[in-house]
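J.: What follows is each chain in one-letter form.
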Amino acid sequence: MTRILIAGCTLAAMVGLLAWRLLPNPLPADWEPAQRALIQSLSLSGLPATPVDPSNAVAESELAAQFGHRLYFDQRLSGNGEVACANCHKPQNYFTDNRTLALGTETGFRHTPSLVGLAYSPWFYWDGRKDSQWAQALAPIEAGHEHNLDRLQVVRLITEDPLYKSQYEKLFQPLPALPAAPRSASPLGDELLRRNWEFLGSDLQLDINQVFANIGKTLAAYQRKIKPGRSRFDDYADSLAESSAVMPGSLLSKDELAGLALFIDQAQCISCHNGPLFTNFEFHNTGVLAIAGQLPPMGRYDGIRLARQDEFNCLGNYSDAEPSQCTELRFAKDDNELVGAHKTPTLRNVTETAPYMHGGQIADLESVMEHYNEAPTSMLSHNEAKPLALRPVQLKQLEAFMATLTAPLQTEQKWLKPPDG
Amino acid sequence: MTPPTLRILLTGLFLWLPATNGWSQSATFSLTTSQGSALEIFSQLDPLAINTIHSWELVLHTADGAPLSGARMSIVGGMPDHNHGLPTSPVVTGEITPGRYLLEGVRFHMPGRWLLMFDVISDQGSESAALEFRL
Numbered sequence: 000m001t002r003i004l005i006a007g008c009t010l011a012a013m014v015g016l017l018a019w020r021l022l023p024n025p026l027p028a029d030w031e032p033a034q035r036a037l038i039q040s041l042s043l044s045g046l047p048a049t050p051v052d053p054s055n056a057v058a059e060s061e062l063a064a065q066f067g068h069r070l071y072f073d074q075r076l077s078g079n080g081e082v083a084c085a086n087c088h089k090p091q092n093y094f095t096d097n098r099t100l101a102l103g104t105e106t107g108f109r110h111t112p113s114l115v116g117l118a119y120s121p122w123f124y125w126d127g128r129k130d131s132q133w134a135q136a137l138a139p140i141e142a143g144h145e146h147n148l149d150r151l152q153v154v155r156l157i158t159e160d161p162l163y164k165s166q167y168e169k170l171f172q173p174l175p176a177l178p179a180a181p182r183s184a185s186p187l188g189d190e191l192l193r194r195n196w197e198f199l200g201s202d203l204q205l206d207i208n209q210v211f212a213n214i215g216k217t218l219a220a221y222q223r224k225i226k227p228g229r230s231r232f233d234d235y236a237d238s239l240a241e242s243s244a245v246m247p248g249s250l251l252s253k254d255e256l257a258g259l260a261l262f263i264d265q266a267q268c269i270s271c272h273n274g275p276l277f278t279n280f281e282f283h284n285t286g287v288l289a290i291a292g293q294l295p296p297m298g299r300y301d302g303i304r305l306a307r308q309d310e311f312n313c314l315g316n317y318s319d320a321e322p323s324q325c326t327e328l329r330f331a332k333d334d335n336e337l338v339g340a341h342k343t344p345t346l347r348n349v350t351e352t353a354p355y356m357h358g359g360q361i362a363d364l365e366s367v368m369e370h371y372n373e374a375p376t377s378m379l380s381h382n383e384a385k386p387l388a389l390r391p392v393q394l395k396q397l398e399a400f401m402a403t404l405t406a407p408l409q410t411e412q413k414w415l416k417p418p419d420g
Numbered sequence: 000m001t002p003p004t005l006r007i008l009l010t011g012l013f014l015w016l017p018a019t020n021g022w023s024q025s026a027t028f029s030l031t032t033s034q035g036s037a038l039e040i041f042s043q044l045d046p047l048a049i050n051t052i053h054s055w056e057l058v059l060h061t062a063d064g065a066p067l068s069g070a071r072m073s074i075v076g077g078m079p080d081h082n083h084g085l086p087t088s089p090v091v092t093g094e095i096t097p098g099r100y101l102l103e104g105v106r107f108h109m110p111g112r113w114l115l116m117f118d119v120i121s122d123q124g125s126e127s128a129a130l131e132f133r134l
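Sequence lines, in order, name chains R and V.
The opening position of the first sequence corresponds to residue 0 in numbering that gives the first Met the number 0, with each subsequent residue numbered one higher.
The opening position of the second sequence corresponds to residue 0 in numbering that gives the first Met the number 0, with each subsequent residue numbered one higher.
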């Protein structure tokens, strides 16, 4: 009798555990008004026009975008002649590279972020150390492990290529006359580059910096065209204008809808992944492990300091903005909350952009869900996220919802491949 | 919770009570400070929404209705439920007309409950008010 009782209890416990892990909660028939409003707030239909960039006078120029497009795919923009922007930000991979860490002339220190919809962000890089798309575009060119070129060689390339020279001078002022030597120079880089830079003198330094900045502005004009396309989720969100019914099986499956309900409520994903781009472009510490072989990074805490010091920032000599227009930089936060904080990425097309996090530390979405469910203690400062206590079936539902955000880009095909000729 | 913080919370009079079922909210708020001054807030972003940096105009009147000019104001805030502050550091950058101040650099980055503290120092001393709202 006792044996039967024990066996019965064990069986009931096992069935209960399996049910807890695997059985979904029932879906409601209708969304609550607050839920409906939150879902609608995520629709791409609510995405405003691309924000203006007052620091970039050619941001909306078609000619600048064409010029930037050509530069984006040009491997001559590197020290070894093999690295273009498109090497890491591959159009066919939603402008990522599917690698853990970026590979330029050498393996880098961060995971390649997607460029899709990035023109809506006030800050660039995982730590926000650049405050415009054009200023961001300049840094990899001179980074030793990325393009490994220098600004004087960039200006030489523009000057010596007839098409570039012609396009440049249509957009900007005439190119400066360059001395035959030195060939390479930059205030960054090794001692030789820096010595050559000093040799050029301040007038020529200013001219070279201006051309270099203008090159960044054309690259930004091109990248502003990279926008997400409408996905199944957007059609569903827009259908809620007519009805608050949850409607499983119509546009989204039961699991996807359950994942959506978790996303906006219990899982709190929407706290940071909000708005039509599923990101607030802000900086958060979510307790992600340090990148293998690296110390835990200070993140935005250092990033805002670097942005303020950047000669190419919105308040700098090469910006086209009035100082009063540089609101993000002028009123940027700077305190200990930012230690270890990294920028929230978009979730649009997230199923196609593995691995995840600033160092590509998490290989797949299943592991991402487990990470947020656990909310481990941060190695540096504190993890803003709290443990979610979601059941395995709910983590699967969240993952299922992610798949509803994938769609072809809205960008014209001609921008997604190298220019003709 | 420190006594001054408690005092601010208790004395901040919320004349505007948020609806909880919307995404973006009214862009106008009316408060009474701890000294009985009126603080009216007009957001230049209307309706108020997340992820857009913008300015607010803050209008101060004494308890007897006179514009409160020459005040120094500071604003801090955040999301009590998330234990974090504002994503920016808003600053009062000038007095547009007597008693009307420009607060620049306002941005909110999450839906949910926000709490802002306004500290005012003027000829009539120090006073404070709290604003709570949902986005």
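Derived from the structure by calculation, the hints contain no laboratory data.
Just so you know, these numbers come straight off a predicted model, no measurement behind them.
The reader is advised that the hints may include incorrect statements.
[Unchecked claim] Just a few of them, taken from the derived set where beta-carbon distance is under 10 Å, the chain V residues facing chain R:
| hint | residue |
| --- | --- |
| 1 | A48 |
| 2 | I49 |
| 3 | L85 |
| 4 | I95 |
| 5 | R99 |
| 6 | V105 |
We treat Cβ as the ideally placed atom computed from N, Cα and C, and that holds for glycine.
J.: For each hint, tell me whether it holds in the structure or not.
T.: Each hint, compared with the structure:
Interface restraint check for V/A48: the shortest CB-CB distance to chain R comes to about 9 Å, inside 10 Å, so the restraint holds. Given hint, V/I49 at the interface with chain R, holds; its Cβ is 6 Å from that chain's nearest Cβ, closer than 10 Å. The criterion of a C-beta within 10 Å of any C-beta in chain R is met by V/L85, whose closest approach is roughly 7 Å, and the hint holds. Given the 10 Å rule on beta carbons, the hint for V/I95 is violated: about 14 Å separates it from the nearest Cβ of chain R.
Checking V/R99 against chain R by beta carbon gives a least distance of about 18 Å; that is not within 10 Å, so the hint is violated. The interface hint given for V/V105 holds, since its Cβ lies 8 Å from the closest Cβ of chain R, which is under the 10 Å cut-off.
Violation of the numbered hints given earlier is confined to hints 4 and 5; the remaining hints are satisfied by the structure.
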